[in-house]
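Visitor: Protein chains in written order, with this note's numbering: chain A, 1 to 344; chain B, 1001 to 1323; chain C, 2001 to 2300.
These are computed hints drawn from the structure, not numbers from a lab.
Quick caveat: nothing in here was measured; it's all calculated off a predicted structure.
Be aware that one or more of the hints could be misleading.
As the list claims (entries may be wrong) - Mimicking DSS-like on lysine-lysine, the simulated pairs with C-alpha atoms at most 25 angstroms apart in a straight line are:
id, chain 1, residue 1, chain 2, residue 2
1, A, K215, A, K185
2, C, K2188, A, K40
3, A, K48, A, K36
4, C, K2190, A, K40
5, A, K296, A, K86
6, A, K215, A, K145
7, C, K2188, A, K104
8, B, K1061, B, K1130
9, A, K135, A, K158
10, B, K1066, C, K2015
11, A, K163, A, K185
12, A, K40, A, K296
13, A, K104, A, K40
14, C, K2188, B, K1016
15, A, K104, A, K135
16, A, K145, A, K163
17, A, K253, A, K215
18, A, K104, A, K84
19, B, K1007, B, K1147
20, B, K1061, C, K2015
21, A, K163, C, K2190
22, B, K1199, B, K1092
23, A, K51, A, K296
24, A, K163, C, K2188
25, A, K104, C, K2015
26, B, K1092, B, K1147
27, A, K48, A, K215
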Amino acid sequence: MTNKIIPTTEVDVQNLVKYFDVSAPWLSRVFSGQPKQILKAVDGISFKIQKGETFSLVGESGCGKSTIARLLVGLYEPTDGKIKIKGHDISNLDSPKALRTLRKNVQMIFQDPFASLNPRWHVKDIIAEPIRAHKTLSDNHAIDKRVNELLDLVSLTKVDGDKFPHEFSGGQRQRISIARALASKPEFIVCDEPTSALDVSVQAQILNLMVDLQKELGLTYLFISHNLAVVYHISDHVGVMYLGRLAEVRDSKSLFSNPLHPYTRLLLDTIPDLDMSGRDRMPVAGEVPNPIDPPKACRFHPRCPFANERCKTEMPLPTPVPGGYVECHGVQENRLPAYVPIVR
Amino acid sequence: MTEALLKVENLSIAFKSRHGELTAVDNISFEMAPGEILGVVGESGAGKSLTGSALTGLLEKPGFIKSGQILFENRRIDNLPYEQMRRLRGLKIGAIFQDPLTSLNPLYTVGFHLVETIMTHLPMNQAKAKDHAIRLLTEVGIPAPEKRFEQYPHQFSGGMRQRVVIALAICANPKLIIADEPTTALDVSVQAQILRLLKTMSKEHGAAIMLITHDMGVIAETADRVSVMYAGRIAEIGPVASVIKNPQHPYTQGLMAAIPIIGHQAERLAQIDGAMPRLNAIPTGCSFNPRCPKVFERCYHDRPDLMTAQDSLAACWLHDKTR
Amino acid sequence: MKRFFESDLFYSFRKSPVTILAFLVTILIIVTATFANIFAPHNPFDLASLDLMNGSMPPAWYPDGSKEFLLGTDNQGRDVLSAILYGTRISLLVGAASVLFSMVIGIFLGLLSGYLGGTVDNIIMRCAEVQLTFPAILVALLVDGIFRGILPRDAHDNLAIYVMVFSIGLSSWVQFARTVRSSTLVEKSKEYVQAARVIGRTPIFIMIRHILPNVMSPVLVIATINLGLAIITEATLSFLGVGLPPTEPSLGTLIRVGNEFLLSGEWWVSILPGVALAALVLSVNLLGDWLRDALNPKLR
Chain A
1 MTNKIIPTTE VDVQNLVKYF DVSAPWLSRV FSGQPKQILK AVDGISFKIQ
51 KGETFSLVGE SGCGKSTIAR LLVGLYEPTD GKIKIKGHDI SNLDSPKALR
101 TLRKNVQMIF QDPFASLNPR WHVKDIIAEP IRAHKTLSDN HAIDKRVNEL
151 LDLVSLTKVD GDKFPHEFSG GQRQRISIAR ALASKPEFIV CDEPTSALDV
201 SVQAQILNLM VDLQKELGLT YLFISHNLAV VYHISDHVGV MYLGRLAEVR
251 DSKSLFSNPL HPYTRLLLDT IPDLDMSGRD RMPVAGEVPN PIDPPKACRF
301 HPRCPFANER CKTEMPLPTP VPGGYVECHG VQENRLPAYV PIVR
Chain B
1001 MTEALLKVEN LSIAFKSRHG ELTAVDNISF EMAPGEILGV VGESGAGKSL
1051 TGSALTGLLE KPGFIKSGQI LFENRRIDNL PYEQMRRLRG LKIGAIFQDP
1101 LTSLNPLYTV GFHLVETIMT HLPMNQAKAK DHAIRLLTEV GIPAPEKRFE
1151 QYPHQFSGGM RQRVVIALAI CANPKLIIAD EPTTALDVSV QAQILRLLKT
1201 MSKEHGAAIM LITHDMGVIA ETADRVSVMY AGRIAEIGPV ASVIKNPQHP
1251 YTQGLMAAIP IIGHQAERLA QIDGAMPRLN AIPTGCSFNP RCPKVFERCY
1301 HDRPDLMTAQ DSLAACWLHD KTR
Chain C
2001 MKRFFESDLF YSFRKSPVTI LAFLVTILII VTATFANIFA PHNPFDLASL
2051 DLMNGSMPPA WYPDGSKEFL LGTDNQGRDV LSAILYGTRI SLLVGAASVL
2101 FSMVIGIFLG LLSGYLGGTV DNIIMRCAEV QLTFPAILVA LLVDGIFRGI
2151 LPRDAHDNLA IYVMVFSIGL SSWVQFARTV RSSTLVEKSK EYVQAARVIG
2201 RTPIFIMIRH ILPNVMSPVL VIATINLGLA IITEATLSFL GVGLPPTEPS
2251 LGTLIRVGNE FLLSGEWWVS ILPGVALAAL VLSVNLLGDW LRDALNPKLR
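Whole structure, please, built from the sequences with the hints as guidance.
Guide: Structure below.
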């Protein structure tokens, strides 16, 4: 979406792993003889995001996409693997240097505009919080001026700064959230389902605003969503996640015109047909399994119509394909049927 | 069209608050034919869920029906006493809600829920009710129904739970099912399965379904007709293909243009500026007038009623033939 | 101020006559007690002004009562009304101070426990459970006993009020800590707290500036209800004789002292302070109940 002269890597995620211990307390585990339970939320994921582009992660609930968002902004510390932002390693949150890189360069927009703003704070204080926290500006006059600029940037007015969050609609609150994220002038913004709590007409406003801001400020986005149509609209590159793994990472155009991984095809097939073409989509059997005990080898094999013996025993590795890579034995062995496009 | 199953006439629903009465649903009228699927779509706060609650008699205080009437099989049901309404609900009118987890009591098995509901509404003994329950579970596509019958709701996945709720709703073969956001809490791949199930149920049992949702995609897939609600009023109502492909009300037009569609390349989406007015600040005349790109003088003064606009009905002065 | 009068809280207050009455009674008691030196017709502690000739006078509505002593006098000639006003002042002071004390401890430990979780949470909550196994009166008796053992007799009388505040406060922090902890757990998972963490705010800042204002509603409710409880506890202790000394009488002390004259027919010396105590605690509790209902988001 931007004129890339020399593409520079803004975010580099290498073999990222995050496990959560979700076992019962030690004592009850001893009595009931249960083993420890480990939730493998993110289990070996690598991708790169170029400066100024939008990289989207798409998947169903429990696939680990929100965990990646929280790892990238430093809310969680990785179990293993590396996250580099502008070449600086930020995976160790005890290192002051990593924290400085994080706070300076990374911000986040949250899903729920009703929970992401402190209800007891004035809007202007909410927006000014990053400025005050980092002491980028010290005198109140300069802070006020900057807050007004930010309000203007997201099409709110100066008067709105003196109100409380509950006086605004969902879309306006999301604008406030965006203004706060921009206050510390970050280059990379993690957007965790920023429009999924909004109504369609408001969603369009927020998506347009995000695209405009990206162009104006040269921002890099990691966009997390379960809505493929929104992802199609906003992304340069897309990663499709399933149970802690990336099934397919491609540039947006290749992915949507010729999806390769069976799971990507499944997801594309679930999109309701708004063109009223009379297409009868095939509902897919089954649901996402419990991530505490995911299927061995290829995570998708129990639901995959093309699974064979190898898929049940051997974990697929990334196979390069046009526009990116796919983790699928079927693609590697070239035994999947050609994709019948639903996209014209 | 055959005799209407449900007639809603000039229904208004209001809330009592200390600032006076707030009208949340404002004078809406529509009909449903037996066996048809009517989609009701609108933003949050447009009054679509309230309409559904009024039909099932589950309107919660401080909300109340201010005026108008609801006729079900030519019988008024909006003023029925609680006990009669409870019998009707379940027997003739089924309800499916957004969150399947809260519709089921975690302390009872799925089988208990079903048998209990069946025996309340149908003259069956325990054994017969159990047979019927297992038949229902099979029908809604739950594998190994005999085993599942004994299990508790938490042992079911989200999609399976919603299937149980659907089985509960259809157990007495109701004529009308009110489904309020039945797929919103589910994953996209499961959504399609549930919608398809609803459609089959409607066809096989001849039940009419009122499908309340904010997702135009769900409507496009499932419904026969669609009613678009805005700020407590019906903006447009008509056959689903006409409304989606050839919307007549400027709000519907904006709404359709704002939905991103895969394959439609566009740098920016069309957007309707502003937001739906709050209940205490609905403008006079047409409630969409502050956001309407085609607004003219009359829209500020007179409220438009539904009028013929091609294949649909739209509440918009642009379609006023006497103009 | 305008915002307050337009708020839902003020609206629900206006709609509840019982609450208004309770509020007026509370305010009346608080104002007259706080400024007892102005409102009281006599100074019951000024030994020079006491006249034994005025001893054991019944309230003014009795034929041998006097307008000078509206609620009668005790055997020393001390005006009962004035004693009640001064006694209420002490009762209120001890009550409010001990609630404040337990509130500060409770909020602090509750925030820490809820926000940090893990071992800190475990330690604090286990302490709270141990604390809960001791009834408030027992804790107060225990603390009082310890101080009596440590401090010399005179010092004890002077420090009695602090001992009371400390022991009553210590016995009721658990309720605050538990409530704050559970509200903190709810608030902590909300995205505004995560946003503050992403911005890089310290845990202390997040606890105090972000979470604390959002958990204050239930704390205020408990504080109001506990104020009544604390006053009663203090009265009970003083009645049992382990509370405040007769030189600094609270309502409880007055009831105990008056109790001795109950059988000789001078009922007013102990019953009237009891009525004052009941009125105060009842209205404070009614206010607390109303506050709980008004702030309960489920009922709004």
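Visitor: For every hint, state whether the structure bears it out.
Guide: Quick rundown of the hints versus the structure:
| no. | hint | verdict |
| --- | --- | --- |
| 1 | A:K215 <-> A:K185 | holds (14 angstroms) |
| 2 | C:K2188 <-> A:K40 | holds (23 angstroms) |
| 3 | A:K48 <-> A:K36 | violated (33 angstroms) |
| 4 | C:K2190 <-> A:K40 | holds (23 angstroms) |
| 5 | A:K296 <-> A:K86 | violated (35 angstroms) |
| 6 | A:K215 <-> A:K145 | holds (23 angstroms) |
| 7 | C:K2188 <-> A:K104 | holds (24 angstroms) |
| 8 | B:K1061 <-> B:K1130 | violated (36 angstroms) |
| 9 | A:K135 <-> A:K158 | holds (22 angstroms) |
| 10 | B:K1066 <-> C:K2015 | holds (24 angstroms) |
| 11 | A:K163 <-> A:K185 | holds (24 angstroms) |
| 12 | A:K40 <-> A:K296 | holds (12 angstroms) |
| 13 | A:K104 <-> A:K40 | violated (30 angstroms) |
| 14 | C:K2188 <-> B:K1016 | violated (34 angstroms) |
| 15 | A:K104 <-> A:K135 | holds (12 angstroms) |
| 16 | A:K145 <-> A:K163 | holds (17 angstroms) |
| 17 | A:K253 <-> A:K215 | holds (20 angstroms) |
| 18 | A:K104 <-> A:K84 | holds (14 angstroms) |
| 19 | B:K1007 <-> B:K1147 | violated (42 angstroms) |
| 20 | B:K1061 <-> C:K2015 | holds (18 angstroms) |
| 21 | A:K163 <-> C:K2190 | holds (21 angstroms) |
| 22 | B:K1199 <-> B:K1092 | holds (18 angstroms) |
| 23 | A:K51 <-> A:K296 | violated (36 angstroms) |
| 24 | A:K163 <-> C:K2188 | holds (24 angstroms) |
| 25 | A:K104 <-> C:K2015 | violated (52 angstroms) |
| 26 | B:K1092 <-> B:K1147 | violated (29 angstroms) |
| 27 | A:K48 <-> A:K215 | holds (20 angstroms) |
Going down the numbered hints, you'll see the structure goes against 3, 5, 8, 13, 14, 19, 23, 25 and 26, while the others check out.
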